[in-house]
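Could you put the whole structure together from the sequences, leaning on the hints where they help?
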Amino acid sequence: MNVLWLQSAGCGGCTMSLLCAEGPNVFDLLDGAGVDFLWHPALSEATGGEVLPLLSAVESGEIALDVLAIEGSILTGPKGTGKFHMLSGTGRSMLDWVRSLAPKARHVMAVGTCATYGGITSAGGNPASAVGVQYDGHHPGGVLAPEFRSQSGLPVINVAGCPTHPDWVTETLLLLAADDLPAAALDELGRPRFYADHLVHHACPKNEYYEYKASAEELSQLGCMMEHLGCVGTQAVGDCNIRGWNGEGSCTRAGYPCINCTAPEFEEPNHPFTDTPKFAGIPVGLPTDMPKAWFMALASLSKAATPKRIGQNAVSDRIKVPPQKTVRKS
Amino acid sequence: MSDRNLLVGPFNRVEGDLEIRLEVADGQVAAAYVNSPLFRGFEPMLLGKAPQDALTITPRICGICSISQSAAAAQALAAAAGATPTPQGALVAALLHGVENMCDHLTHFNLFFMPDFARPAYQGRDWHDHAISRFTAMQGSGLRQATEARAQLLHIVGLLGGKWPHTLAIQPGGVTRAPTARDRIRISSTLAAFRRYLEDVLFGAPVEDFIALTTGEAARNWSTGDAGTFMQIADDLGLASSGPGPGRYLSFGAYPMEDGRSFGPGLWEADSWRAVNTDEIGEDLSHAWMLGKTAHPRDGQTEPDEDMSDPGYSWCKAPRLAGQTIETGAFARQVVDGHAMALDLARHGSSVFARVAGRLLEIARTQVLLEKWARDITPEARFLEQVAVPQEGVGEGLLEAARGSLGHWLRIEGGKIAGYQIIAPTTWNFSPRDAGGVPGPLEAALVGAPVAEDEDTPLSVQHIVRSFDPCMVCTVH
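Chains A and B supply the protein sequences, listed in that same order.
Just so it is clear: in the first sequence, position 90 is 90 by the working numbering, and no numbers are missing.
Position in the second sequence (first residue = 1) + 1000 = the working numbering.
Simulated from the structure, these hints should not be mistaken for laboratory data.
Please read all numbers here as calculations on a predicted model, not as lab measurements.
Please note that the accuracy of each hint is not assured.
Unchecked claim - With a Cα cut of at most 27 Å, we get these calculated DSS-like pairs of lysine-lysine: (1) B:Lys1293 <-> A:Lys79; (2) B:Lys1049 <-> B:Lys1416; (3) A:Lys303 <-> A:Lys325; (4) A:Lys79 <-> B:Lys1049; (5) A:Lys278 <-> B:Lys1416.
What the hints assert, rightly or not - Cβ-to-Cβ under 10 Å is the rule here; a few derived chain B residues that face chain A: (6) Leu1007; (7) Phe1011; (8) Asn1012; (9) Gly1016; (10) Gly1041; (11) Asp1116; (12) Ala1118; (13) Gln1145; (14) Ala1151; (15) Leu1160; (16) Gln1171; (17) Arg1186; (18) Met1308.
Even for Gly, the Cβ is constructed at its ideal location relative to N, Cα and C.
Take a look at the structure:
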């Protein structure tokens, strides 16, 4: 299965993250599954004049393209021209290239939240008029229309994340190579369900604090960050705390909140990222699938029942009070 | 040979988008024009936001120098608040940042720079078969080893910073996770494994032996490991006389801690050191597609010229220090810090060889620093103090990314960001011409590069461009 990878308006971090794949390394992993890059802007030997004929051959259909992978948002500015990002050496905007190449590909894969929904590049006033490949934030329809389907019949496969976990990208490619990623394997926003059916909350080491609403008041404290520090791990999709990042890491494990980077418009939460907006002292935004009345009732009950150990550790930067051990007398 | 113009792009194995226009005469480059063809607009994006949001947004400028951007933002915020991080917080921030810089150097050497020597154009050279086996793009055994070593070294960022890139762990007052004694042991173990990679594979000898080199000659004679392969190639191809720099080396100083910076700041020119006065910085917009006048970044603005009118030819501004171009990067940093080998190389002038040798030297020196910092972690200490961001204030954050000097200039008014300007390393190195018509450092370095009659993407140009390890996504941001 061949892959043409284009870097559009993003930071390149999804490729950098991809190189963190382990057991085996990304090159051995993709080789082993018969996945090879026709061209990758950070990794291939071919540059400049060597690349242009390749792009032409894909565009003309002379080379059959299995996967068009796009990293980064697509810039439509200024004034709809796309000239804020010209694909260098070609005299054409990336906007133009993506429109032209996408219909030729068996699959189109958007890598990272910029490519999927616009992402951080569309933050603030969206100065470069960035959109995703098939979404503009929450709205279906980006560079490609909502009804676009690639040759395989799938919509754009949205491997969202800022950055993407290396395994999200490699496993999507491996599933495509194995012809094992049907439409039903994607969620309503086009994300592969193998990671999007999980919540960041799952396996978060702060779960016991969450259960008692024992909250961290400041960054670096061990308590749950939902009440005060903007954490939306109970609503954000991703298996971050199940797989771990770069070994055993995750945002919440490192003491800062989940900011829902796998979701459309995470870049504009309408409040500072590390603050929780509240209404009458109650956090706005409930855990996924949780009825409000129940959340309120459970929260007040569990807060009242918080063991001293959990309450004290929640506002400490390390475990101050260990769990009481039962010692069996022999 | 007839004069001709070449448009080189897409220029890959650099981070981000790069296009170079070359005027060729008499078999060599007569003039070069460097275009950064991507504008996203992070600076305008930040205006009106809560100041601490810069910690989430600015790392996402760049997926390869993400921690550098985050640390610069944290420093600018701390400066605006008149605060400093806790000593142990600064130590862990240095550890996180040092790992990123190390990984970037490794990625550059193995994945971006060396694969060009495996090209068929070098068939018949003594070293070519070895270069093919070690450095063929995406295939070479050297690339695979380096990629694995890098992924494992980044476990330190996973542990302390949650993930790489785009961690939010570095804050104005320190870091968000207090490491334990167990973490310290894991970090030291990861570093021990990485040292084994460096000594078995990259240097083929103890890193201390490379650090002990005092002359360019001694570096050229280094014969072991992948570093030795590079020295052999550089000698054969004359890379020491390829891609000269302006002879002015800038460093803001790397890894700020309680007792100073591990690699010191300064400007090195004509064999002498002077302190850097950032008031002397001006960003010239004459050849950028940007509206406005030359300004210091504390007063600067970023308003793109949507008509992309002449004589602009890049989205990149042209920063100058006291009106002059400077070179920044690992080699410059080692020169400014006064390492004997780097100083000796600087006496002969910057070059493709010097830049890559400087990067190898910094890999060796950074390993020793990382090991020391890991030992110095004191788990019982404070790692984060809360810093109250003021309603009004200005702050400057200066540090060294892998590719050189990075500055953030922040202005807060009414509790919101009222000004945010960034000058990244490659903004300096790959800047376009200024109002005086003076080319940027890369543009000048390319003049004289040989171009064969059948080349449309000259190899000499590729070596020179990649020797700077450009990060184009940072350049314009």
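We went through each hint and held it up to the structure:
1. Annotation: proposed proximity of Lys1293 of chain B to Lys79 of chain A holds, straight-line Cα distance about 24 Å (limit 27 Å).
2. For the hint linking Lys1049 of chain B to Lys1416 of chain B, the alpha-carbon distance of about 5 Å falls within 27 Å, and the restraint holds.
3. The hinted pair formed by Lys303 of chain A and Lys325 of chain A meets the criterion: a straight-line CA distance of about 23 Å does not exceed 27 Å.
4. Note on Lys79 of chain A and Lys1049 of chain B: the hinted pairing holds, with a Cα-Cα distance of about 25 Å set against a maximum of 27 Å.
5. Proposed proximity of Lys278 of chain A and Lys1416 of chain B is supported: the alpha carbons are some 20 Å apart, at most 27 Å.
6. Proximity of Leu1007 of chain B to chain A holds as hinted, the smallest CB-CB distance being about 6 Å (cut-off 10 Å).
7. Below 10 Å, beta-carbon pairs count as interface contacts, and Phe1011 of chain B has one with chain A at about 6 Å; its hint therefore holds.
8. Because the beta carbon of Asn1012 of chain B sits about 5 Å from the nearest beta carbon in chain A, less than 10 Å, this interface hint is met.
9. Contact between Gly1016 of chain B and chain A, as hinted, is supported at the beta carbon level, the nearest pair being about 6 Å apart and thus within 10 Å.
10. This hint holds: Gly1041 of chain B has a C-beta 3 Å from the nearest C-beta of chain A, less than the 10 Å allowed.
11. Of the supplied interface hints, the one on Asp1116 of chain B holds, with its beta-carbon coming within about 8 Å of a beta-carbon of chain A, less than 10 Å.
12. With its C-beta approaching chain A no nearer than about 7 Å, Ala1118 of chain B sits inside the 10 Å limit, and its interface hint holds.
13. The beta carbon of Gln1145 of chain B comes within 9 Å of a beta carbon in chain A, closer than 10 Å, and the hint placing it at the interface holds.
14. Checking Ala1151 of chain B against chain A by beta carbon gives a least distance of about 5 Å; that is within 10 Å, so the hint holds.
15. Checking Leu1160 of chain B against chain A: minimum C-beta separation of about 7 Å stays under 10 Å; hint holds.
16. This hint holds: Gln1171 of chain B has a C-beta 6 Å from the nearest C-beta of chain A, less than the 10 Å allowed.
17. With its C-beta approaching chain A no nearer than about 9 Å, Arg1186 of chain B sits inside the 10 Å limit, and its interface hint holds.
18. With 10 Å as the threshold, the beta carbon of Met1308 of chain B comes within range of chain A, its nearest partner Cβ sitting at about 6 Å, so the hint holds.
Checked against the numbered hints given earlier, the structure satisfies every one of them.
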